[in-house]
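Given only the sequences and the hints, what does the whole structure look like? Please build it.
If you're matching positions, the sequence shown starts at 1 in the UniProt record's numbering and goes up one per residue.
These are calculated hints, taken from the structure and not from any lab test. From the three backbone atoms N, C-alpha and C, an ideal C-beta is built for every residue, glycine too. Any given hint could be a false lead.
Quick list of the computed label-pair ranges, beta carbon to beta carbon [unchecked claim]:
hint, residue 1, residue 2, range
1, PRO11, ALA76, 56 to 62 Å
2, PHE86, VAL17, 39 to 45 Å
3, VAL19, GLY39, 28 to 34 Å
4, GLY12, ASN51, 52 to 58 Å
5, ASP57, GLN92, 28 to 34 Å
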Amino acid sequence: MQPTLTKTGVPGVQVPVMVAADLQDSLMVVMHDLHRLEGLLGHAADKLLENFSQANDALNDPALGESEEVLRVRTALRRAVTELQFQDMASQLIGHTTKVLQACAFRLAAETMGDDEGEEAASFVGIEPERPNPVTQSEMDAGSIELF
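Okay, structure coming up:
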């Protein structure tokens, strides 16, 4: 692949249509996999929250009293629920990454196929997320809240 000048005079590289099509297909597969991962994370988080709620209800049984052990279990349960915020951050990152990959796939199609066959793809060019990373937090501490 030899560098060439594009219509705008910017250096570029010609990519064979089949290479671009294979790359676009791979990007679409990755986007599909990320969507499935997001669904799996959401399902797991929902089930965890449901089970934590059941455990919390059981711990609120007046027959248990307020022993030190019950208080420790309640504290651990609250911390575990806080950790579920990880799912929200992970979903935001997955959504962001999917948009970036989708924009790359459509731009590749538009650039490779030209205006004739890339009209649908051209309408998606420029949908890249404005911010490079929607989630800046890397850990979750009990009692801390960070809005993103």
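Against the structure, the hints come out as follows:
no., hint, result
1, PRO11 - ALA76: 56 to 62 Å, "59 Å, holds"
2, PHE86 - VAL17: 39 to 45 Å, "42 Å, holds"
3, VAL19 - GLY39: 28 to 34 Å, "31 Å, holds"
4, GLY12 - ASN51: 52 to 58 Å, "54 Å, holds"
5, ASP57 - GLN92: 28 to 34 Å, "30 Å, holds"
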